[in-house]
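The two chains are supplied separately, each in an independent frame; assemble them into the complex guided by the hints.
Each chain, written out:
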Amino acid sequence: MHGRPRKAPKPEDEAASAAKAQKLRALQTQFFSYHHNKIYTKEAVELSAKLLDINPESYTAWNYRKLAVEHCLSQPDSDADSAKFILDHELRVVESALRQNFKSYGAWHHRKWVISKGHSSIDNELRLLDKFQKADSRNFHAWNYRRFVAESMNRSEQDELKYTEDMIYTNFSNYSAWHNRSVLLSTLLEKKAEGFLSKEKVLPEEYEFIHQAIFTDPDDQSGWFYHLWLLDQTVKADSPLLISSWPAHGSDVQLVDRCHNNSAFSPFTTLHSDSGSFPIVLYFNQPVEGVSSSTVTVESGFNKSEDLVWEPVSVSNSQAAKVWVTHLKFPTSELHFPVEVSVGHSKGITSARGSQYSFSSVFSFKVHVQPIKKDSSQGSVAESFLWGEENFKVYGIQSEESIPILSFDQLSIRNDPEPTVSDWRAEALSKEIECFRELLSLMDCKIGKLTLARLLMAYDAMSFSCANKLSHSEVLELYSDLMKLDPSHYQYYKDEHNLVVLKQVTSSRESLLKHCFQYTNSVPLTIYSPICLRLNNLSLSRMGAFEELLWVQMLDLSHNELQSIEGLEAMQLLSCLSLRNNKLRSFTALDPLRKLKSLRVLDISYNHIGEHFIDTTRYLCASPLSHSVGSEWNKDETVIGDVALINYWDAFLIFKELNLKQLDILGNAIADEKFKSVLVKIMPALKRLDGELLG
Amino acid sequence: MGELAVDKHVHYILSVEKRKDSFESVVMDHLRMNGAYWGLTTLDLLGKLDIVNADEVISWIMKCQHESGGFAGNIGHDPHILYTLSAVQVLAVSNKLDVLDTDKVAAYITGLQNEDGSFSGDMWGEVDTSCKNLDGGFGCTPGGESHAGQIFCCVGALAITGSLHHVDKDLLGWWLCERQVKSGGLNGRPEKLPDVCYSWWVLSSLIMIDRVHWIDKEKLVKFILDCQDVKNGGISDRPDDAVDVFHTYFGVAGLSLLEYPGLKAIDPAYALPVDVINRIFFSR
Numbered sequence: 001m002h003g004r005p006r007k008a009p010k011p012e013d014e015a016a017s018a019a020k021a022q023k024l025r026a027l028q029t030q031f032f033s034y035h036h037n038k039i040y041t042k043e044a045v046e047l048s049a050k051l052l053d054i055n056p057e058s059y060t061a062w063n064y065r066k067l068a069v070e071h072c073l074s075q076p077d078s079d080a081d082s083a084k085f086i087l088d089h090e091l092r093v094v095e096s097a098l099r100q101n102f103k104s105y106g107a108w109h110h111r112k113w114v115i116s117k118g119h120s121s122i123d124n125e126l127r128l129l130d131k132f133q134k135a136d137s138r139n140f141h142a143w144n145y146r147r148f149v150a151e152s153m154n155r156s157e158q159d160e161l162k163y164t165e166d167m168i169y170t171n172f173s174n175y176s177a178w179h180n181r182s183v184l185l186s187t188l189l190e191k192k193a194e195g196f197l198s199k200e201k202v203l204p205e206e207y208e209f210i211h212q213a214i215f216t217d218p219d220d221q222s223g224w225f226y227h228l229w230l231l232d233q234t235v236k237a238d239s240p241l242l243i244s245s246w247p248a249h250g251s252d253v254q255l256v257d258r259c260h261n262n263s264a265f266s267p268f269t270t271l272h273s274d275s276g277s278f279p280i281v282l283y284f285n286q287p288v289e290g291v292s293s294s295t296v297t298v299e300s301g302f303n304k305s306e307d308l309v310w311e312p313v314s315v316s317n318s319q320a321a322k323v324w325v326t327h328l329k330f331p332t333s334e335l336h337f338p339v340e341v342s343v344g345h346s347k348g349i350t351s352a353r354g355s356q357y358s359f360s361s362v363f364s365f366k367v368h369v370q371p372i373k374k375d376s377s378q379g380s381v382a383e384s385f386l387w388g389e390e391n392f393k394v395y396g397i398q399s400e401e402s403i404p405i406l407s408f409d410q411l412s413i414r415n416d417p418e419p420t421v422s423d424w425r426a427e428a429l430s431k432e433i434e435c436f437r438e439l440l441s442l443m444d445c446k447i448g449k450l451t452l453a454r455l456l457m458a459y460d461a462m463s464f465s466c467a468n469k470l471s472h473s474e475v476l477e478l479y480s481d482l483m484k485l486d487p488s489h490y491q492y493y494k495d496e497h498n499l500v501v502l503k504q505v506t507s508s509r510e511s512l513l514k515h516c517f518q519y520t521n522s523v524p525l526t527i528y529s530p531i532c533l534r535l536n537n538l539s540l541s542r543m544g545a546f547e548e549l550l551w552v553q554m555l556d557l558s559h560n561e562l563q564s565i566e567g568l569e570a571m572q573l574l575s576c577l578s579l580r581n582n583k584l585r586s587f588t589a590l591d592p593l594r595k596l597k598s599l600r601v602l603d604i605s606y607n608h609i610g611e612h613f614i615d616t617t618r619y620l621c622a623s624p625l626s627h628s629v630g631s632e633w634n635k636d637e638t639v640i641g642d643v644a645l646i647n648y649w650d651a652f653l654i655f656k657e658l659n660l661k662q663l664d665i666l667g668n669a670i671a672d673e674k675f676k677s678v679l680v681k682i683m684p685a686l687k688r689l690d691g692e693l694l695g
Numbered sequence: 001m002g003e004l005a006v007d008k009h010v011h012y013i014l015s016v017e018k019r020k021d022s023f024e025s026v027v028m029d030h031l032r033m034n035g036a037y038w039g040l041t042t043l044d045l046l047g048k049l050d051i052v053n054a055d056e057v058i059s060w061i062m063k064c065q066h067e068s069g070g071f072a073g074n075i076g077h078d079p080h081i082l083y084t085l086s087a088v089q090v091l092a093v094s095n096k097l098d099v100l101d102t103d104k105v106a107a108y109i110t111g112l113q114n115e116d117g118s119f120s121g122d123m124w125g126e127v128d129t130s131c132k133n134l135d136g137g138f139g140c141t142p143g144g145e146s147h148a149g150q151i152f153c154c155v156g157a158l159a160i161t162g163s164l165h166h167v168d169k170d171l172l173g174w175w176l177c178e179r180q181v182k183s184g185g186l187n188g189r190p191e192k193l194p195d196v197c198y199s200w201w202v203l204s205s206l207i208m209i210d211r212v213h214w215i216d217k218e219k220l221v222k223f224i225l226d227c228q229d230v231k232n233g234g235i236s237d238r239p240d241d242a243v244d245v246f247h248t249y250f251g252v253a254g255l256s257l258l259e260y261p262g263l264k265a266i267d268p269a270y271a272l273p274v275d276v277i278n279r280i281f282f283s284r
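Chains as they are written, first to last, in my numbering: chain A, 1 to 695; chain B, 1 to 284.
Next up, chain B with everything else stripped away, as it sits in the complex (with noise of 0.2 Å):
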């Protein structure tokens, strides 16, 4: 079995953060904001945060505050719950919450809520809604075909707030790890490739409703470690692809869940280091 190549994995990071130039990144600037998440929670992870000069990451994130309370992708751009929840968990990782007008945020958010109790990504009112399905999942839309990404927001959402009783347990934890293939990999539904972002949606969702013991745990730490780019740092989504920050995050998450040595712990629902929510809940 390979080894987590963490040097290489941080020093990758920080030149994602620099290299603003490449095609690439131009085109992925609108969730500047998702990256800075995944970028700063895996150096978290990997016990190396402090590399990173909080500042300038926090007046950044400032700046791409709107009037509503919410925040965007990147500067210029319209505010988004999916933004409004990275900057809020950056600000959390790096221990800066204090410089938020919390009732601002909140209302925001709450500002986004239908009748029907989902909720609108923004204004435009793209719902992502959680609904249960007759194989134990969740699907996008009412009807819609359970995946494991939908499955890991239903299944946090009704973490946080103490509903997980709703969840068929046994038959959803059937499902889930059901989607772990021969390769060890972990694939978002049926008939499909794994990919290492189901590392962590599936694997999560599993640990939140305490079901891992039903997939080989090994074997998914194996096909993880086998989609680093070792020489170039980074983490692809299946053994000898291209790289990128998103799945760089997720390898690593992954792996905290599954106990590799040396990694920070990781919370399953609220996808922050443990330290960080323990330190939200617990002190006065």
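So here's chain A without its partners, still in its complex pose (with noise of 0.2 Å):
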């Protein structure tokens, strides 16, 4: 099927080729009839051979010959030595049809099947495999098989470890034996065998050892995957981190009504809260699991802990995610009140890999509480929230205004024990950097810069200090140098450029209070309002730093070329938001937002929606193709009918769970007046879409 050259069949070759297929036909026919009447001879058993050779994967012909070989092992007058005739015959048997086929999927599965039996040395199977990996040093079912005889065997992880390292010296470009190897290491320095200790002593050789392979070929992949594999083995956490709350350690934060703007309130940090409740939330490196009352100790006075409920934000059911929330519910008789919350106080967290939190983090704030005036009942005839340019004016700071949501000092969570960064991993770091840019300074090299561009931000990542600003400027110079490197991959280098883009902005006070603007439409004036913070027109493709924009109530992200808000559901303060004039293609890329409980207006005019055939998140929203919704989800139906369900699942299931007030949509393929009216229909709490006012 693979490899053959395409040419005319001359009408000698089709005659030829029908008198072997009535050869091979006839040679079937007679071998069902033995395979179907349970006949084992041993005339009948060589046929199936003869089969297998000219035709490998007929799968049915194997499964016939297990069952002949149990037949004759079972028969009264079997011992040792014809057992040992019959299975030496079918690895005959095997290595002829692989010299057919050297990948034949039922050949190497059958041979497993036979060795299974307790047959065959391991010099033997190394034997055969030599021969076959010197053939194709790639085969991929000879690595598989082989890795199948060093476990059964019992070989032991260091001398295959050593015949990796001849594989590689034979030829630096072997995937296959990278790979191997890195499975190899994995399993050593898991089992801290003798002399695989400790990474500290292994991975420095092995940087080594990849460089020669790099610095000989630096276009050859096999080195890239390898190095990055001992990058992670570098960097990656053992154990997970809080890194990020709101509110933040030591802020003050005002919950409001609606009408009400006091000056003295710093607009970071004031809410609206009419339900007597506001959220909590946590931020981890990693996703976690186990997050609840009985690891996370919230300390109010008034509150008992035991009674809160924490819930991961994860767009699929998953229990584990970075981001968990809690509401805290408060007397009305409570005006001011200090909160403290602690994480890891005792076991329980865990991150995916398994690894135990093992920090103990505590951070705290303050709750000023604005009683609700009675004359303020939500009657705000809902007023239209207008994204134009001329509504937002950038807020203005007080040089001494403290924003603790914005302290880019220490870390501003208390962790004990402190994280630091431990010496060799940095010192790992800092020497393959000083190797990189010493290979770029000879050569234009495409996997030098990504690989350079990744040690920098993981260098980066790493540092528990203020964040090298000079990093963020190189390692965008080297996703631009790659866009016009590699063009191909131009929305790769693209998307991670992006990422390093807001990372600076969010990196220093500076750069972020650029972004913040207050809106100046309210009617009346004194109806308060957060800060808004504008990323619009920054050619963003898609959004990220969420550690940092936990506080963000406001959001523009207008004019930018997102076609995806992955991870956006981390923002659990967000109450308005604007993609308009972005690129999303479908409702199901807008999933994130079901877990926006606040969320009440949304623009999503001018993008993509209905305009292709083919929906690139329909499996990364949780709905019943992923069998991720109960079988509920559509008992509503009945309010838009069946074959408005089927035309537009996807929108029912999204917005039927927004509580939204305002909603803008035009300017997209499928806002029909059709689609208008069934989505009126499935959200009846809607009071303005497209800037009509309903009802």
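Be a bit skeptical, because a hint or two may be false.
[What the hints assert, rightly or not] Here are some, though not all, of the chain A residues that point toward chain B, as calculated from beta-carbon distances under 7 Å:
id : residue
1  : Leu24
2  : Asn55
3  : His109
4  : His179
5  : Phe613
6  : Tyr619
7  : Leu625
8  : Trp649
Because the hints were derived from the structure by calculation, they are not lab data.
Quick caveat, the model's predicted, so the values are computed rather than measured.
Virtual Cβ for every residue (Gly too), placed ideally from N, Cα, C.
The structure is reproduced here in structure tokens:
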């Protein structure tokens, strides 16, 4: 099926082929007769060998041979010698078939089956493997079989490691050998086998080894992936860590109802609340499980911490998440109170890889409640929230004004023990950085640039002190170079560039403040208005830096290139969001919004929804297709009818869970009058659609 | 850029079905069920499914079913999970799933699940496990090198069980987008030749994790179109190689995922037309 040249069939070829076909058919018919009648005579079994010689892919023939072997072995006159004879014969049949097609799944599986009967020596098998691996060092069947043999015959990992070394020295460009090496090293390090007690000793040597390959031929991919694995081994955090929260440590939070504007309150930390509760958000550096009232305590004087329910914020139904949220209720009599949150004082929080949360992290903040005015009942005629430029003015900050959420000094959360970068890791990374900077001064190399960019970002992520601003622009330049050097993968480099830009914007007070605005169109002007973070016109193709943005209530992402809002579910405080003029292609892409319980104003106008017939977020959305919603998901569909449901199932799934007051959707191919009338039925609480007052 | 020779491919598929006497055809006898799936799904994507006599196909399929509930690759052969899948897929495309005793088929499949959660192909236990690898991909067995075909199976399985959060999408997405070589085609693993069938396995995986914008789609379309035999119909693994139904299907399916005009949309996880899947999941 692969790699045969295309040529017009000649009549004599066709005749020969037809003759061969007839012969094979006859063999097959006879074989079926033996198989279906369970005949295992010597003659019958030999026929199956003939069949497999011509066609090693005939899986039924391999099945038959297994039955024949079992039949013979179970005969009363069978003994150790005859068993050996029979099994030896099977091995020869397999070898012959493999010579026909050394990728035959059926043949390799049959060999494994024979070996599992406890026959053949390890030397035999390794000799066979050597033959195949010399013929094709990338034959993954052979490598898989090699692993099987090594395991079932107890060959040591160290010996196998030496084998990979030999293969690599024969030819550096041997991805399979490098891969195998990474698997073996992982096992040895995990087992803490002799000579492999610590990464600190082993990894630097591996770096030296891989450099030989990379510097010999920088364009060969085999070394890259191995180097990436080494990098991952060097930086990966063994233990999860809390890296951000809302409210932020040391902040003063004001909870107000809508009709209150007190300029004494900082718009950065003022939150509307009339439900007698407010959220507490935890952001970890990797997905964790086990966050609950027994592993996280919230002390507020009046509250019983045990009553708090912590929920993972993830778009799937996963119990592991980077972001966790709870809602703290407070009695109406309390107007000012401190809160202290401690995480990890008792065991139970674990990462997806199984590491325990090994710190005890504490942060605290103060809450000030503005009593609700009697006459401020929500009659505020759903006045329209307008996103136009003219309605925003830059937030002019007083220079002494402290904004705890924007503090970039040490980790604001108190951790015990203090996480530090262990020496060998920092040293290993610095060495690699120097090495690649040197390589790049000698040649323009795609892999070199990409690796250096990753090393710099990894180093940046590891350091717990102030981010090194210089490395951001060096990284941005590397990605810009890559976009030109390797245009096929332009979008990949653009996305990575994008994430670095966001890191840069959120890494200092000055840069972030340039994007902080206040909404000036409130009528009346006394209505409180939080800061709107405006990240429009930045060519953003993806969002990121969420750990720095947990405090954001209004977000303007208009006029960008977003086709996905992956990760946005972390921004639990969002109430107003604009995604106008982006590249969103489907409703399933809006899945993260289902987790934003405070969202009231959404603008998705001028996107591409309805223009594409392939949906790239179809399986990233919790839906019946991925078996992630219960059978009750469409019990309200009588509201829109069967036909509408099959056509607009994704809109139904997303919008019925949003509690929007205002929605803008024009400028999308799907947004015709018919669709808009369906939308109105799905969202009875909606007050404004495309600027029009409803109901 | 060339064009998709729809009529030639339809003609080719029908001719393969009829040509049972060549040596190549007899050698592939045992996977005729797969062939039926590849051929019929391609015809559906091209909008030409009505050319086939559905009843004939259905009656042949049912002759391949064993007492255990599983389906064989062809009449006379043993049952196997691969052919059971193809049989169900063909019935779905033909909108004839009601001929099945679904409990029986389900019992056959659940009977093949092992203690560790993996599935054997048949009673002989060949296991195609999914094992997450250090480069973000998946191999055939624990420790196995990442391979695009295997990656598709794993990502697909995770997709339909709502488990894609286990995948490091950025890492896997990068490994997958690096499968695109200079000619625009996709290979199955590093330093290997491109092949049209990877236009399906790599591409559908990229689509399921929403990273398809990381490859150059236009270049891939061009590569697939270059693999056509525009004279006799059919698509091959590489330009100027011999064509077969397998690569014809993957080429057309790949073009559908790339939104080539005039084709029906294909679902990247179930590998069946979207309207077939939506009909099954969203109508009562």
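Structure-based check of all given hints:
1. Satisfaction of the interface hint for A/Leu24 is found here, the shortest Cβ-Cβ separation to chain B being roughly 5 Å, below the 7 Å cut-off.
2. Interface hint at A/Asn55: satisfied, since its Cβ lies 5 Å from the closest Cβ of chain B, which is below the 7 Å cut-off.
3. With a least beta-carbon distance of about 4 Å to chain B, the hint placing A/His109 at the interface is held under the 7 Å criterion.
4. Using the Cβ-Cβ criterion of 7 Å, the hint placing A/His179 at the interface with chain B is satisfied: the shortest such distance is roughly 5 Å.
5. Taken as an interface hint, A/Phe613 checks out: its beta carbon lies about 4 Å from the nearest beta carbon of chain B, inside 7 Å.
6. Interface hint status for A/Tyr619: upheld, as the beta-carbon distance to the closest one in chain B is roughly 4 Å, under 7 Å.
7. Taken as an interface hint, A/Leu625 checks out: its beta carbon lies about 6 Å from the nearest beta carbon of chain B, inside 7 Å.
8. Because the closest C-beta pair between A/Trp649 and chain B is about 5 Å apart, less than 7 Å, the hint holds.
This entry satisfies every hint, going by the numbered hints stated previously.
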